[in-house]
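Build out the structure end to end from the sequences listed, making use of the hints.
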Amino acid sequence: MLKNQRSLRIWLTLLLLLPISATQAFSNVPDDLSESTLNNQPEAADEVLEEEPLAELKPSIRQIRTAEEILLKLQRRHYTQREFDDELSSALFDNYLKRLDPSKSYFSQKDINEFEAYRLILDDGIRRGNLTPSFTMFNRYREKLLIHLDSLITELPERIAALDFTLEESLLLEAEDQPWAADKNELADRARKSLKNTTLGLMLADKDEAAIIETLTKRYTNQRQRIKQLNAEDAFQIYINSLTGLYDPHTNYLSPRTSENFSINMRLSLEGIGAVLRRDGEHTVVERLITAGPADKQGELQPADKIIGVAQGADGERVDVIGWRLDEVVELIRGKKDTTVTLEVLSEVSVNPDESKLIQIVRNTVKLEEQAAQQSVLDIYHNDEVHKIGVISIPTFYIDFEGSRNGDADYKSTTRDVRKLLAELEEKNVEGIVIDLRGNGGGSLQEVNQLTGLFVERGAVVQIRAPNGRVARQSNYPNPNYYKKPIAVLIDRLSASASEIFAGAIQDYERGLIVGSQSFGKGTVQQLADLSHGSLKLTEAKFYRISGGSTQHRGVIPDIVLPSLYDSQEIGEDTLDFALNWDTVEPIRHRNYGNYSALVDTLTTQHKARIADDPDYIYLTEQIALNDKYADMTELSLNEAVRRSIIDNDTEARNAIENTHRLAKGLPIKDLNEESTTDADTQTAENDSSEISEKVETSET
10 MLKNQRSLRI WLTLLLLLPI SATQAFSNVP DDLSESTLNN QPEAADEVLE EEPLAELKPS
70 IRQIRTAEEI LLKLQRRHYT QREFDDELSS ALFDNYLKRL DPSKSYFSQK DINEFEAYRL
130 ILDDGIRRGN LTPSFTMFNR YREKLLIHLD SLITELPERI AALDFTLEES LLLEAEDQPW
190 AADKNELADR ARKSLKNTTL GLMLADKDEA AIIETLTKRY TNQRQRIKQL NAEDAFQIYI
250 NSLTGLYDPH TNYLSPRTSE NFSINMRLSL EGIGAVLRRD GEHTVVERLI TAGPADKQGE
310 LQPADKIIGV AQGADGERVD VIGWRLDEVV ELIRGKKDTT VTLEVLSEVS VNPDESKLIQ
370 IVRNTVKLEE QAAQQSVLDI YHNDEVHKIG VISIPTFYID FEGSRNGDAD YKSTTRDVRK
430 LLAELEEKNV EGIVIDLRGN GGGSLQEVNQ LTGLFVERGA VVQIRAPNGR VARQSNYPNP
490 NYYKKPIAVL IDRLSASASE IFAGAIQDYE RGLIVGSQSF GKGTVQQLAD LSHGSLKLTE
550 AKFYRISGGS TQHRGVIPDI VLPSLYDSQE IGEDTLDFAL NWDTVEPIRH RNYGNYSALV
610 DTLTTQHKAR IADDPDYIYL TEQIALNDKY ADMTELSLNE AVRRSIIDND TEARNAIENT
670 HRLAKGLPIK DLNEESTTDA DTQTAENDSS EISEKVETSE T
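With our numbering as the guide, the letters of the sequence shown map in order to residues 10 to 710.
No wet-lab data here; the hints were simulated from the structure. Any given hint could be a false lead.
[As the list claims (entries may be wrong)] Pairwise CB distance ranges (calculated):
1. Glu326 <-> Ser413: 42 to 48 Å
2. Glu394 <-> Lys346: 44 to 50 Å
3. Glu394 <-> Lys493: 20 to 26 Å
4. Ala634 <-> Arg201: 43 to 49 Å
5. Ser654 <-> Thr141: 50 to 56 Å
6. Ala323 <-> Glu579: 26 to 32 Å
7. Thr669 <-> Asn488: 47 to 53 Å
8. Leu181 <-> Asn604: 50 to 56 Å
9. Gln369 <-> Asp186: 33 to 39 Å
10. Arg91 <-> Pro188: 36 to 42 Å
We treat Cβ as the ideally placed atom computed from N, Cα and C, and that holds for glycine.
Structure below.
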């Protein structure tokens, strides 16, 4: 809490320039790992490769019927009414290939030429109960991948020994942008470069050749075992989600097993690490952390990190999960409360993409009371005066539905809790309020409406458009006793859905300032529809602000912009394939409570002047610039000397940024390559890095 309070200081004094008279996961996902689950993990390096050939996978009658059900629901209920025609069939063909072979490592142009016969008939096939083309493509993918892995496993020592790290060559980072390999020779060269990059990354992480061979042999053997276990349901799920994904990224088919996991996530009642994960190519990626969950409290795991290994306990053997299905990775991370899971993680901002770190997290339940709104008071020194500013942090928009239905007088909800916190802050004579929605991924729409009603007297909060074009309004109840002092709302790239509705309403009513970075841009509504086999998560509506603009894709743009370490090219709705576009509906006539828009230019000018020489602000922006430098790379050198030079330069640059900041703060210089800095000194530096004003004191309640 203290660190978060200090990070507010860059913009808190903005409130003093205003006239005082103006007015969700997998957090839970537990279930015990059964003994059979643990015992069924693939063996490592000594597995015999000579086995009976795999049987060809074929679609079942049940899957054919499920596909027909999904098509019917997409056509009748999805927000986007798409024609199921040759254009969609062609898009499905491309999207399916992208999901099967995103790096273009296994299919050659010859394979693609053979598959082209299916391009314009996939739509007819689904409509007529013919899924054979998709299974033919999947069987070819499985065959190609097994051949690739078999050769890697049997020839790994020789292949690594033959690698020349003095050559000037590079690996394309966005492999999907390259054309399909012309023939087997080009596929082999891509495989060589991929192995070379992986080997070099492990070398730079100080692994010797024997350790590298052992690590990669286990990895490839595990991957081979997972591929051999793929079944017709896997093939069907990949294919049908290639179809649903064309409508929008939040419309998904959930198999019975996946549907069960989804229900567990929504209940927020079981034990886990408190992270929402997604599949990206062969990696499991952290989408976001659940506020107050175990991972959030532990502090090391970050959004966009890639999980490549999982171990049970602090010293358990790590299982390489590269290439695993998402539900399989979820099962490994589940476990009993108060037990430890160790994650092997690749950081998104690491200059060496194969340099991993180990993160130990104790599984626990995300408790409602830990996600409840909290208040604190900051004493801000400005022009030799002390000003008290209240801060209300809201991790999620929550409500105890059961308690509400049962008539419990003390049931918890965001609005009820914030109303109490406002009263407490009034007793402390605060001059204004900051609503902190950073990291708030959304929640109850009912609570957004009611919470907005604490700060405006009456009026619409959000508009909801259905597929038929009808627009409904959600409004709050009249409240003549609404809070009338100045407010600001703090958002970041992880503020999504309900958070964006609240921030957008406050901005449209000119009830307060929005401060921070562009929000996530999740402005759609999903419903879960039952199928005869599994279920379909379906986008059925879209949110619009009272000013008419959607929160979809664009999110909320703050009045006062603050830099963020979150990479907007990796996180956000606009980074997702086939995300619905931003558009508008008719605005609603509404009252303006202040004249904040007229103050923004003046506040921005004063804000920039204030932070121009601020060491903490400079420290943050220089870190962002360095991270952006690597994020913009399109190729990665496979030359060892060049790669070591990049790492050395990165270390030197981060040393310089750190020590420039420390000098400005009156702290001793340190060498980041040495571990001589005391814990207390390190903590002081971490705390100071989030300070923006040296004349601010804090007090917590």
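inquiry  = Checking each numbered hint in turn, tell me which of them this model violates, lowest number first.
reply    = Hint check: 4, 10 fail, others pass.
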